[in-house]
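J.: Next come the chains, spelled out residue by residue.
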Amino acid sequence: MQYLIREKMPFLLSCIALLLLACGSLAVGSYSIGFDNLTTSKGLDLFEVSRLPRTLALILCGASLSVSGLIMQMLTQNHFVEPSTAGSMQSAALGMLGITLLWPEAPILFKMGFISLASLAGTLVFLSILSRLSLKTALIVPLIGIMFGAVISALTTFIAIHFDLLQSLSAWTSGDFSGVLKGRYETLWIVAVVTVFAFIVADRFTLVGMGKSFATNLGVNYKRTMFIGVLMVAIVSGIVVATVGILPFLGLIVPNIIRRLRGDNVRHNLPWIALLGAGLVLLCDLIGRLILYPFELPLGTILGVIGAAIFLYVLIRGPSEVI
Amino acid sequence: MKLFKQDYHRIAGLSALMLISALLFLFMDIQGSLSYALPRRFWMLMTIMIVGISSGIATLLFHTITHNRILTPAVMGFESLYILIKTALVFWLGSSFNWFGSTILKFAVESSIMLGFVLMLYRGLFQKTEDLHRLLLIGIIFGVLFASISTLLQRILEPAEFDILQGRLFAKLTLPDPSLILLCLGLMSVLIGITWRQRYLFDVIALGRTQALSLGIDHSKAVTKILILVSVFVAISTALIGPLTFLGFLAATLAYQLTHNHKHYLLIPMAGLLGCIFLVAGQVILEHLMGMAGALTIVIEFIGGILFLTLLMKKGRL
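Going down the list, the protein sequences come from chains V and Z.
Going by my numbering, the first residue of the first sequence is number 1, and it counts up by one from there.
Going by my numbering, the first residue of the second sequence is number 324, and it counts up by one from there.
Just so you know, these hints were derived from the structure itself, not from any lab.
Built from N, CA and C at the ideal position, the CB exists for glycine as well.
Don't take every hint at face value.
[To be verified] Straight-line distance between alpha carbons at most 30 Å, and here's what the computed BS3-like set of lysine-lysine pairs gives:
| id | chain 1 | residue 1 | chain 2 | residue 2 |
| --- | --- | --- | --- | --- |
| 1 | Z | K409 | Z | K544 |
| 2 | Z | K637 | Z | K586 |
| 3 | Z | K409 | Z | K548 |
| 4 | V | K136 | Z | K637 |
| 5 | V | K212 | V | K223 |
| 6 | V | K223 | Z | K637 |
| 7 | Z | K328 | Z | K586 |
| 8 | Z | K586 | Z | K544 |
| 9 | Z | K637 | V | K212 |
[Stated by the list, open to error] Non-contacting residues of chain Z with respect to chain V, defined by C-beta distances greater than 12 Å in every case (computed):
| id | residue |
| --- | --- |
| 10 | G336 |
| 11 | A339 |
| 12 | L347 |
| 13 | M367 |
| 14 | L412 |
| 15 | A431 |
| 16 | D500 |
| 17 | L506 |
| 18 | L508 |
| 19 | S512 |
| 20 | L589 |
Produce the entire structure from the sequences given, and follow the hints as far as they go.
T.: Set out below in structure tokens:
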């Protein structure tokens, strides 16, 4: 019993904290919803159409992106890779621009598929660049990923200027949850399925993370597992970018914080990573909604500040053996 | 010696190319009232020439103190830092504060704060960190951090403003205030004068810290001096146009390729000229041949980014 309390207590407390954050996220907004008017039709409507979808979308994006970051880190054996430092998210934005230009009336699932495919292509190009690298230091991998993402973004911006879509582009990619309403976020449940799948196959990724020969030796189909991992990351990045925009650094900082606190066991860390990711996103979103109440600051901007600050701290102060 | 002579010919050739592109920039497809169009084009030409020269030389000097050809002030976040300082000043003083009507005072305050921060943040970094990749990554993330804080502040200032993000996506060529152009021109001339007088010192610094010390140079004093020069050059180019991450990198990289003799008295004019030509000729080509007047800066980011990536991959360690 005592063992159970010591082991499970922190996780249980964190779950309660997440629940409280979620309640906060549900309660904050320019129309006040409390227990008193939740039963009125207007309160209920607003709750159902805007607040609940937004909170769910936040939790789904936060948890899935953090888990994707972890998958990327295992596949590349590098602690600083995540969808926004590997060109996955930037490629997804390019794909989004592409489908808007080519077939704007496409059904939503086709669009999501196309955007995920673009993200997959971008991530594979990044991985093939990496495999051609003669000297692979731990830090050159994210460097190349960031530069690769910047080049893709420049291409996207160029196309957007050409077709006069710049304003739409910056609106799509800003990582803003204020437009999340009932009927516009449901595709995010696909992301939830992918994340659950990640829990099931986590051990294989751990093996792949030990290197090609080691994994093959232990009976893992290296190429296939690698591809499945990249595909999962691409689906998550594609759908998240298509629904809310680019959320930078999330997949980088969350797994690194958990790794520092709890060590390297992937299977045990996964629930924590999902939990912290969701909590961090909920918290940042709440900050963004409260600083300038009733105006909102986009989540992507706030994450950019907090994420970059934490990343810098790890880079400058972190013990070198971690990197 | 024959090869070294070629360097002079190349500088002469580039100057001619520069002159032709400047004339094309001024007179190509000119329509309507000359008295309106010509002054406008002239001021625009001045602006982008100042920016080209400043970015080229700033990057060259930065390469000299850091002993490598990958790090550039823009990639290390200098430009984002300047924009952050500008935004923060508006944030604290209010947008109605007019600096007693003096552009010079505003620019002076902005660039001195920038200087302070550069010396505080980066000086120690260059001396402590040996690992190039770590330095580069720290610089890039510093840039992201500064840019995100600027966006945040801008959003707080104008929550309803829609195209704030655009400013972060790419630099726009708009005509700045003529008094600012003149100020930057004057300041740049002074800086170039100082740089030119120190050209032999830079040759020694480029040999590396140990060699420079044994040749009797106060290395850390020289580094501080160069960092000051670089900061003001960056402040000039960012104040006039905005962030242009890879222009200086393109200019400096090509300058090394085009000169056989890597002495600063050749590299400095070469880098300045090339920076100028990229902007002026690029604008002529994009505006008149491709009809995309607004896309120059983003094309430079794209090409420069690819070159940077290739160089980073090829030379694992510089």
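J.: List, from low to high, the hint numbers that the structure doesn't satisfy.
T.: Every hint satisfied by this model.
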